[in-house]
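K.L.:
These are the residues of each chain, in order.
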Amino acid sequence: MRVRWAVVAVGCLAVAGMGFVVLKNNVVYLDPVSEAVADKADGRTRIGGAVVPGTIDGREGAVAFEMTEGGVVMDVVHEGSPPDLFEACAPVVVEGRWAGNTFESDRLLIRHGNEYEPPDGESYDDCPDAGDGSG
Amino acid sequence: MSRVRVVALVVGAIVVAFGVVLALNVDSGSPTTDGGFVGKRPDYSVRTLDGDLLASDELVGKTVVVNFWNTWCIPCIDEAPALDAFYEEHKDDPDLVFLGVVRDDTESAVTAYVTEYDVGWQIAMDPDSRTALSFGVTGQPETFVVGPDGVVAAEQRFRVSVEDLEAMVQAAGGGTS
Amino acid sequence: MRSALGYLAIAVGTAGSVLGIATLGAGLHLRRDSLLRAGRRYVGVVFVAAICAFAIMESALFAHDFSIKYVAGNVARATPGLYTFTAAWAALEGSILLWVLALTGYLAVTTWHFRARATDPLVAWATIVALGVTLFFFALMLGPANPFEELSRVPVDGTGPNPLLQNHPLVAFHPPMLYLGYVGFTIPFSFAVAALITGRFGEGWLADVRRTTLVAWAFLTVGIILGAWWSYEVLGWGGYWGWDPVENASLLPWLTGTAFIHSVMVQERRGMLRVWNISLVLATFCLTILGTFLTRSGVVESVHSFSESSIGPWLLAFLGVVALGCVALISWRADKLRSPGRIDSPVSREAAFLVNNLLFAGFALVVLTGTVFPLLAEAFQDRRLTVGEPYFERMGVPIGIALLFFMAVGPLLPWRATSGDVLRRRLLVPAWVGAITLVVLVVAGADGVAQVVAFSLGAFALTSIGRTVVIGIRARRRARAESVPVAAVRMVRGNTRLYGGLIVHVGVVLVAVALAASQGYVVKREVTLTEGESATVRGYTLTYLGTEIDRSPQKTTVKALVDVEGLGEYAPAISTFPNSRGGIGTPSVHTGFREDLYLTLISSPNETGTVTLGVQVNPMIVWLWIGGGVMVLGTIVALIPARRRSRVPVTSESPESPDSELVEAVEVAT
Chain A
40 MRVRWAVVAV GCLAVAGMGF VVLKNNVVYL DPVSEAVADK ADGRTRIGGA
90 VVPGTIDGRE GAVAFEMTEG GVVMDVVHEG SPPDLFEACA PVVVEGRWAG
140 NTFESDRLLI RHGNEYEPPD GESYDDCPDA GDGSG
Chain B
16 MSRVRVVALV VGAIVVAFGV VLALNVDSGS PTTDGGFVGK RPDYSVRTLD
66 GDLLASDELV GKTVVVNFWN TWCIPCIDEA PALDAFYEEH KDDPDLVFLG
116 VVRDDTESAV TAYVTEYDVG WQIAMDPDSR TALSFGVTGQ PETFVVGPDG
166 VVAAEQRFRV SVEDLEAMVQ AAGGGTS
Chain C
38 MRSALGYLAI AVGTAGSVLG IATLGAGLHL RRDSLLRAGR RYVGVVFVAA
88 ICAFAIMESA LFAHDFSIKY VAGNVARATP GLYTFTAAWA ALEGSILLWV
138 LALTGYLAVT TWHFRARATD PLVAWATIVA LGVTLFFFAL MLGPANPFEE
188 LSRVPVDGTG PNPLLQNHPL VAFHPPMLYL GYVGFTIPFS FAVAALITGR
238 FGEGWLADVR RTTLVAWAFL TVGIILGAWW SYEVLGWGGY WGWDPVENAS
288 LLPWLTGTAF IHSVMVQERR GMLRVWNISL VLATFCLTIL GTFLTRSGVV
338 ESVHSFSESS IGPWLLAFLG VVALGCVALI SWRADKLRSP GRIDSPVSRE
388 AAFLVNNLLF AGFALVVLTG TVFPLLAEAF QDRRLTVGEP YFERMGVPIG
438 IALLFFMAVG PLLPWRATSG DVLRRRLLVP AWVGAITLVV LVVAGADGVA
488 QVVAFSLGAF ALTSIGRTVV IGIRARRRAR AESVPVAAVR MVRGNTRLYG
538 GLIVHVGVVL VAVALAASQG YVVKREVTLT EGESATVRGY TLTYLGTEID
588 RSPQKTTVKA LVDVEGLGEY APAISTFPNS RGGIGTPSVH TGFREDLYLT
638 LISSPNETGT VTLGVQVNPM IVWLWIGGGV MVLGTIVALI PARRRSRVPV
688 TSESPESPDS ELVEAVEVAT
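Quick note, the sequences are listed as chains A, B and C, same order. Here the first sequence stands for residues 40 to 174, where the numbers follow our numbering. Here the second sequence stands for residues 16 to 192, where the numbers follow our numbering. Here the third sequence stands for residues 38 to 707, where the numbers follow our numbering.
Only chain A is shown next, with the shape it has when bound in the complex:
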C-alpha cells in the first residue's frame, strides 16, 4: 500500500516536472522595441512598438517595415499580408524570431497599449488623419 502511494506520488511529480518544462519552453515574452533590441533573445518572442511612417515596403506575400519605441528603431520582415488596420503609426505587436539584425515575424497584431514613444526629434506628418469620429 505504502509503496503504491509512493509510486503514484513520484509519478505525479514526474508529470508535473515535465509539464513545467514544456511550459517554460513555450513562454513567449512581450518586450518593447528598446528592450528587445538591447537583448536579442533566441527563440520565439513578441515585440511591441509602432510602425514608422514611410518605411512600409510591401512585397509578394510579405511586408517589410520599421518599428519603433523608446527612441529605438528596428527592421521587421513579416511573412504574409498584414491586416487592414496596418498603417503608419499603428501600434503593433509582432511575433517571431530574430535573424541577425532583422526580426522575422509570422504573426502581426494591432494592439492597444501604452508602450509606444516616438524617437526624440521626429515628427509624424505622415501619420494618418484621426478622422471624423462622429460618424
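None of these hints come from the bench; they were simulated from the model. Take these hints with a grain of salt, some might be off.
Straight-line C-alpha distance at most 35 Å; calculated DSBU-like pairs for lysine-lysine [to be verified]:
id : chain 1 : residue 1 : chain 2 : residue 2
1  : B       : Lys77     : B       : Lys106
2  : A       : Lys63     : C       : Lys561
3  : A       : Lys79     : A       : Lys63
4  : A       : Lys79     : C       : Lys561
Here the structure of chain A is known, so what remains is to put chains B and C in place on it, guided by the hints.
P.N.:
Then chains B and C, alone, in the frame of chain A:
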C-alpha cells in the same frame, strides 16, 4: 490527521498564495504611478481653441494635467463633472495647467460642446494624433499628469474621479491643496 | 425615471436575498418550520426583481434612453433591433444583470421542485448558499457595476455596441448559453455545501442535483461550441480555439463538471468517491467565478478585449472567501467524508471512473497553470509574457487521447471485478475494428501520430457503443416480438441515462475526430488577384469578380466577390463602423462534410484594383458542430425520465452460459 484534511489544507495554502499573487496584479481602476508611460518625457506643442500655443518645453516648471477626450466617448462624458470640479478647485493655481486634448472628433462638435457645457479649461484639437502619439495614447479617456520636470508622474487609462486627480497631482509634487 | 426604477429593482433583489438568508437561517437555528417555509418566498421576490431589472434595461435600450450610461455606451440610434436587444449583455454591468437573472431563475425552479421538502435542513441550507451568491451579484450592481448609472450630460447619440458584437446574430446565443451553463452549477454547488454543513454527504444530495447538473453541463457545452463557432465563422482568423485566457476560463469548469457527472455514478452505485464528488462540484463553481474574474478584471492579456472595470478586486475577494470556505468545510468534515468501501479491482468500472477523474482534473490543472502562469511570472519580473499554444497542445493531446480510450473502454467494464474472459468477449470486436482502422490509416500514409491514434480510438469507441446497442436490441427481441425500431426506442426509454450517455459519447467521438483532422491537415494560402484573375488552391479554382460596397447607418461593408468553380459565389468582407477605427473581417465559408473552404479578405481592394484573399482548406470542421449537436441531443435523452420495467435478476456470469449476452444486456441496462 486524516489524509483528506492534509490535502485540504495544502490546497488551502495554495489558494491563499494564488490569491495574493492575483491581488498584487489586479487593477483596481485607480491611477498608476508605476507603469505605462510614467517616467517618460512627452514632447508636444498644441494650439488651443482660443489660439494660444502650449508647448512642453515652455511648460517646464509647472504641473500639467493632460486629459485626452472627445465629445462622443461615453466614459469621457461620465468623467466630465469630476474634471469640472477639479478645475474649479484649482483654476487659480498659477503652477497648475489644465489641458484637454481632443482625439478623433470634429472642431465644430467640440466648439459646440465647450459652449454648451461651459468648459473652463484650455482645449486643443489633435487632428493628426501627433500629441496622442507623443503620450502613447490609443483610446480615450486617458489622463496624464506631467510634473514640473517635464516627466509623466501619473497616468490613468480610464475615467478619473476628483480623488484620482488629486492623488495624481500629489504624485507629481505640484499643485496646492 | 427608468434609472431609478431599475436601481430600485436591484435594491429589492438585494434586500430580498438578505431577508431570505436571515429568515431561513433563523428557521434553522430556532428549528421553526414556519420560518423555513416563509424564507422560501424570498426566492420568488428576488426572481421577480431580476426580471423587472432586466425588463427595465431592455426598455431603456429600445427607447434609446441615453441618460443611462450603459445605454449610451452600448446602443446607437442606428443599431438594428436584434443588437439593441443583445446590448443587454454587451458589457460588464449588463452581463451581471443577465447572470443574476439566470441565477434567480435556476433558484426559483429548484425551490419549486423541492417544495415538498421545504422543512428539510439540506434544502434550506442549499437555498441559503444560493441566495448568498445571488446577494453578492446583486450587491455588485448596487455599487461598482451599476447598470443604471446615469450620465450628468445626456449625449445626442450613443456609441453603439462594440463592432464585434453587432456583426453576427450569434451574439444572441453564445453569451446566454454560456451563462446558463456557468450559473447552473451554482445549484449543485449549493447542495454540496449544504451536504457538508448538515453532514449528509451520502447519495441524497447527488440525486437532488442530478438533473440541474446535466442541464447546466449541456448549456456550458453548447456555449463553448458556439464560442468556437463564433471564432471560426465570425472572427475570421481561420481557427476555432486559441487557448486564450477567456476561452480557457470557459473550458476549466467544463472539465471538472464533466468529471463530476461521470464520477457521481460511482457514488450512486457503490457509495464511493465521495471526496472526489464533493471536491469536483465545489471546484467547478470556484472555477466559474475564477473564469469571470479573469475575463473581466483585465489581469491577463487576452485578444478578447473587454473594457476596463473596477470590479476585479470584488470578484477576487468573493472568490477567495468561497474557495477558502470550501477548503474549511472539507477540512472540518474530513474524518467522516471518506467513503466506506474500496475499489475491488483495477479492471473495473469504478477504477476507470477514478482514472477518468484524475485525467480530467489533470487536464484542468494543465490549462489553469498555463492560463495564470503569466500572472505569477509578472509578479516576480517586470516583463510581460504569454504561454504559447504548443504548451496546451503538447500537454493536452496525450490527455485527450487517454480520455478517448477510457471513454471507449469504460462502459464495457463491469462493476466490482471481472474475469479476463468476460472482458475479452466484450472488447474483442471493438478492438479489432480499432486495430484495423489503425493499420488502414498507416498504410494509406496518414500523417501524424496523434491523428491516427485518435481516429483508431474513435473507431474503437463507436464500435463498442454500437455493440452495446445491438446486444440490447437483440436481448429485447428475444424476450418479446418487437421490430428493431420499436425495440430500440423502448430500450432507450428503459434506461435513458445510459443510452443518452452513449449518444453523448458518439458526439464526443465526432468532435475528437474533427479536432484531430482540423489541427493536423489544414492548408493555408494567400492569393493576390486582379479583377477577373483566377488562382487554384487544393483543387478549388477561385476567380475574383469584383467588389461590392454595402452602406447602412450601422456599418459600411466592402465585399470581394469570388467565384469558386462548381460551388458558386462567395463574398468575404470587411466592415467598418462609425466611432470605431479599423475594420472587422467576415469570412465566407463553404461547408462540406469532408472539408471547408474558408475565404477571408485580407486587404480591401486598393487603387490598383488588386485584392488579397486568405484561402484555407479546413478538413472535417463541420463534424465539430455536428458532434456538439449530438452531445446536446444525448443530454436531452438522458434527462427524459426512464420507464423502468421489472428487473431481470442476474443469474450467472459464467462465459459458458448461453445467456451471457442477456446477462450483459441486463447488467448494462440496470
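K.L.:
Is B:Lys77 close enough to B:Lys106, meaning Cα to Cα at most 35 Å?
P.N.:
holds (13 Å)
K.L.:
Given the hint that A:Lys79 pairs with A:Lys63, test it: the Cα-Cα distance must not exceed 35 Å.
P.N.:
Holds - the C-alpha atoms of A:Lys63 and A:Lys79 are around 18 Å apart, at most 35 Å.
K.L.:
Hint check: A:Lys79 vs C:Lys561, CA-CA at most 35 Å. Holds or violated?
P.N.:
holds (30 Å)
K.L.:
Given the hint that A:Lys63 pairs with C:Lys561, does the C-alpha gap stay at or below 35 Å?
P.N.:
holds (29 Å)
Checked against the numbered hints above, the structure breaks none of them.
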